[in-house]
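Asks: Listed here are the chains, written in short residue letters.
Number of protein chains: 2
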Amino acid sequence: MTAAARLTARARATNLQSFAGIRKGLALGLAATANEALANSRTVHEAGRERDFLTAVANLQSMTKADLEAVNAEILKRMQSPVSMIPELAGHLINAGGKRLRPMLTLASARLFHYQGADHVKLAAAVELIHGATLLHDDVVDQSALRRGASTANIIWGNKESVLVGDFIFARAFELMVEAKDLRVLKALSHASGVIAQGEVLQLTTQKNLSATFETYLQVVEAKTAALFAAATEVGGLISGRTREEEEAVRQFGLNFGVAYQLIDDALDYAGFEASLGKTVGDDFREGKMTAPVVFAVARAREHEKPFWRRTIADGDIRDGDFEQARDYIERDGAIEDTISCARDYADKALEAMASVPENEFSKALENLVVTSTARAV
Amino acid sequence: MTAAARLTARARATNLQSFAGIRKGLALGLAATANEALANSRTVHEAGRERDFLTAVANLQSMTKADLEAVNAEILKRMQSPVSMIPELAGHLINAGGKRLRPMLTLASARLFHYQGADHVKLAAAVELIHGATLLHDDVVDQSALRRGASTANIIWGNKESVLVGDFIFARAFELMVEAKDLRVLKALSHASGVIAQGEVLQLTTQKNLSATFETYLQVVEAKTAALFAAATEVGGLISGRTREEEEAVRQFGLNFGVAYQLIDDALDYAGFEASLGKTVGDDFREGKMTAPVVFAVARAREHEKPFWRRTIADGDIRDGDFEQARDYIERDGAIEDTISCARDYADKALEAMASVPENEFSKALENLVVTSTARAV
Chain L
3 MTAAARLTAR ARATNLQSFA GIRKGLALGL AATANEALAN SRTVHEAGRE RDFLTAVANL
63 QSMTKADLEA VNAEILKRMQ SPVSMIPELA GHLINAGGKR LRPMLTLASA RLFHYQGADH
123 VKLAAAVELI HGATLLHDDV VDQSALRRGA STANIIWGNK ESVLVGDFIF ARAFELMVEA
183 KDLRVLKALS HASGVIAQGE VLQLTTQKNL SATFETYLQV VEAKTAALFA AATEVGGLIS
243 GRTREEEEAV RQFGLNFGVA YQLIDDALDY AGFEASLGKT VGDDFREGKM TAPVVFAVAR
303 AREHEKPFWR RTIADGDIRD GDFEQARDYI ERDGAIEDTI SCARDYADKA LEAMASVPEN
363 EFSKALENLV VTSTARAV
Chain X
3 MTAAARLTAR ARATNLQSFA GIRKGLALGL AATANEALAN SRTVHEAGRE RDFLTAVANL
63 QSMTKADLEA VNAEILKRMQ SPVSMIPELA GHLINAGGKR LRPMLTLASA RLFHYQGADH
123 VKLAAAVELI HGATLLHDDV VDQSALRRGA STANIIWGNK ESVLVGDFIF ARAFELMVEA
183 KDLRVLKALS HASGVIAQGE VLQLTTQKNL SATFETYLQV VEAKTAALFA AATEVGGLIS
243 GRTREEEEAV RQFGLNFGVA YQLIDDALDY AGFEASLGKT VGDDFREGKM TAPVVFAVAR
303 AREHEKPFWR RTIADGDIRD GDFEQARDYI ERDGAIEDTI SCARDYADKA LEAMASVPEN
363 EFSKALENLV VTSTARAV
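Protein chains in written order, with the numbering used here: chain L, 3 to 380; chain X, 3 to 380.
Hints listed in this document are in silico derivations from the structure and should not be mistaken for laboratory results. Possibly wrong hints are sitting among the right ones.
[Stated by the list, open to error] Label-pair distances were calculated between CB atoms; the ranges are:
| no. | chain 1 | residue 1 | chain 2 | residue 2 | range |
| --- | --- | --- | --- | --- | --- |
| 1 | L | Ile-157 | X | Arg-150 | 32 to 38 angstroms |
| 2 | X | Arg-246 | L | Leu-148 | 49 to 55 angstroms |
| 3 | L | Ile-157 | X | Asn-61 | 27 to 33 angstroms |
| 4 | X | Asn-61 | L | Glu-250 | 47 to 53 angstroms |
| 5 | X | Asn-362 | L | Ile-157 | 37 to 43 angstroms |
| 6 | L | Ile-158 | X | Glu-90 | 29 to 35 angstroms |
| 7 | X | Asp-317 | L | Lys-183 | 47 to 53 angstroms |
| 8 | L | Phe-325 | X | Glu-307 | 51 to 57 angstroms |
| 9 | L | Ile-157 | X | Glu-217 | 55 to 61 angstroms |
| 10 | X | Gly-100 | L | Lys-183 | 29 to 35 angstroms |
| 11 | X | Ala-316 | L | Gly-93 | 24 to 30 angstroms |
Don't be surprised by glycine CBs; every beta carbon is placed ideally from N, CA and C.
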């Protein structure tokens with residue numbers, strides 16, 4: 003059994019175990035109680051596997067601690083501006099407790115290849131800034147009020163401000179990456195930025211559209227999430243001067259991890275506990291997003307249930323109890339199971355890609371991230 | 003008398019002549035009549051100097067015809083996407099009859115230096131795309147309904163769509179410029195992008211703020227407009243492998259031309275005729291923008307006039323006849339004259355910068371653009 007296969011097997015087992023937990027919880031109507039327990043407990047993550055994922059994140063954070071601090075300093079420096087609203091708004095976003103997952107991918111990928119230079123820090127910062135700019139614009143587009151448990155910038159400062167500061171952050175990301183003076187890196191990151199925006203537009207055009215397919219949903223996920231994960235890990239390979247095969251391997255790792263990560267995130271929006279996620283569960287439902295759980299549930303809906311989906315998703319007429327009803331349908335039809343199963347397939351591919359790169363503490367930490375993320379608390 | 007000094011003298015003469023015309027028209031209350039005459043006439047530009055400016059633009063367009071067609075083809079190609087909304091929305095923006103002023107600056111600057119390669123086309127396209135992305139976001143932020151005589155994308159498609167397609171266009175601009183593989187060019191253009199966004203935020207924070215100074219206004223103009231003009235011309239020098247002095251000269255030309263151009267544009271928003279501008283006169287007033295004419299007029303307002311500016315600009319409570327009243331105050335206090343005079347100073351600097359570059363048909367065409375733009379129909 004290869005290392006990857008072992009990890010995969012572990013992921014499957016953990017997933018199934020975790021998923022059995024949710025099924026049971028939902029079936030018994032325990033969700034609300036569990037949710038309350040979580041909210042009232044100091045050990046909020048003990049109810050699920052979110053803890054394992056956060057431990058894996060913390061592990062990678064501690065392995066890249068010095069680099070990550072340099073990334074944070076670089077980001078802070080780049081957000082300075084005599085126009086005071088810029089550091090204020092950007093600071094709110096950046097200090098809002100993000101996991102720094104994407105920049106860690108770049109740092110870990112570079113370390114995995116024994117990179118000795120200093121450009122990985124700039125590039126990791128650029129990756130996080132591209133992500134940050136996207137979040138600001140996303141929150142405007144989605145009219146979100148809450149992110150990571152805090153009010154969003156568009157609520158505090160306004161939509162106009164978020165749009166323009168987002169543009170500033172995006173431009174600064176490019177300035178930073180240009181400083182690394184590597185044309186292949188620039189190509190990878192600028193291409194990813196275009197793909198992300200294209201994915202965001204595609205997502206917008208499929209919103210409230212009940213005939214959106216799972217294939218279209220996957221295109222959205224690959225573009226809006228996985229493209230940046232892929233570029234983030236690829237960049238670590240590109241600056242390390244490794245073989246084309248190794249560069250492609252880390253890129254494939256990031257790409258497939260990105261899809262898996264987003265699939266789980268979308269499952270959690272229906273099956274997760276708000277307290278442990280730090281975000282508002284049910285946002286996707288309220289926004290009429292055609293994510294995997296809804297795509298599956300709509301496809302399996304009985305004739306008399308279809309008006310429910312038309313009213314809630316297509317017409318956006320959402321009433322008390324609708325989200326719970328949607329969860330029931332999604333649960334009954336195995337839509338969460340299938341979403342997780344699909345995530346697991348992508349996680350497998352991510353782990354398989356790692357067979358072509360050196361095995362060391364960084365490759366293991368990255369693998370562990372994939373394994374635990376597909377088994378997150380649900 | 004140097005060539006630049008000659009041109010400057012001509013610019014001053016033309017400006018004064020033209021400005022005498024406006025003063026007269028406004029004083030006699032002829033604006034509405036003249037406006038109607040313009041709208042009903044096939045020779046709409048004959049009433050002013052807009053025609054001379056458009057002739058200078060057309061001249062440069064014809065001198066760079068083949069390149070400009072290649073730029074348009076490149077732009078069209080880069081806006082392709084399987085997500086059909088992207089080429090639709092981008093196509094609307096790009097075909098809406100822009101003058102292609104900024105890409106022409108890059109093309110003419112490269113030609114001026116006898117550039118023989120093909121990268122000027124890609125870079126000119128990138129410059130226009132950065133401009134286009136900015137316009138899309140501007141129109142969302144300003145809630146504009148009309149641009150170049152046509153409905154804006156935010157009105158036709160929506161704000162969300164404009165934000166995300168703007169991001170896509172911006173990312174594609176970066177992809178394009180990366181292909182030119184010149185790190186100094188990338189530095190210039192990515193830096194300009196950050197400066198533009200910073201200028202947009204600064205403009206937003208000064209909006210409706212009656213205490214905004216002329217210095218702050220100039221900072222906004224230098225950032226939101228002149229930075230891209232400067233980068234557009236600088237890039238032509240950078241790719242041509244000329245001396246540092248020549249690169250700096252074309253950059254200074256673009257920078258100062260950009261400020262002059264924006265000052266005149268802002269004057270026209272109070273003194274221009276809608277039909278010849280293809281935009282809604284009075285937009286800046288309705289948006290409470292602290293542009294030069296208002297900054298000057300507010301500073302010179304008599305005590306009993308101050309409540310008018312507070313109500314209209316600061317509170318945004320605009321009633322029938324207010325715009326005409328604002329025009330009267332602005333006219334009476336010489337605020338348009340001073341705005342134009344300031345524009346002329348920047349135009350002088352632009353023309354002086356050209357003393358350090360080869361004199362040929364392209365340098366002359368660029369100079370003519372500056373001269374006629376500061377004498378535009380008002």
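Asks: Next step is simple, just say for each hint if it's right about the structure.
Replies: Hints, verified against the model:
| no. | hint | in the structure |
| --- | --- | --- |
| 1 | Ile-157(L) - Arg-150(X): 32 to 38 angstroms | holds (34 angstroms) |
| 2 | Arg-246(X) - Leu-148(L): 49 to 55 angstroms | holds (51 angstroms) |
| 3 | Ile-157(L) - Asn-61(X): 27 to 33 angstroms | violated (50 angstroms) |
| 4 | Asn-61(X) - Glu-250(L): 47 to 53 angstroms | holds (51 angstroms) |
| 5 | Asn-362(X) - Ile-157(L): 37 to 43 angstroms | violated (56 angstroms) |
| 6 | Ile-158(L) - Glu-90(X): 29 to 35 angstroms | holds (34 angstroms) |
| 7 | Asp-317(X) - Lys-183(L): 47 to 53 angstroms | holds (50 angstroms) |
| 8 | Phe-325(L) - Glu-307(X): 51 to 57 angstroms | holds (56 angstroms) |
| 9 | Ile-157(L) - Glu-217(X): 55 to 61 angstroms | violated (32 angstroms) |
| 10 | Gly-100(X) - Lys-183(L): 29 to 35 angstroms | holds (33 angstroms) |
| 11 | Ala-316(X) - Gly-93(L): 24 to 30 angstroms | holds (28 angstroms) |
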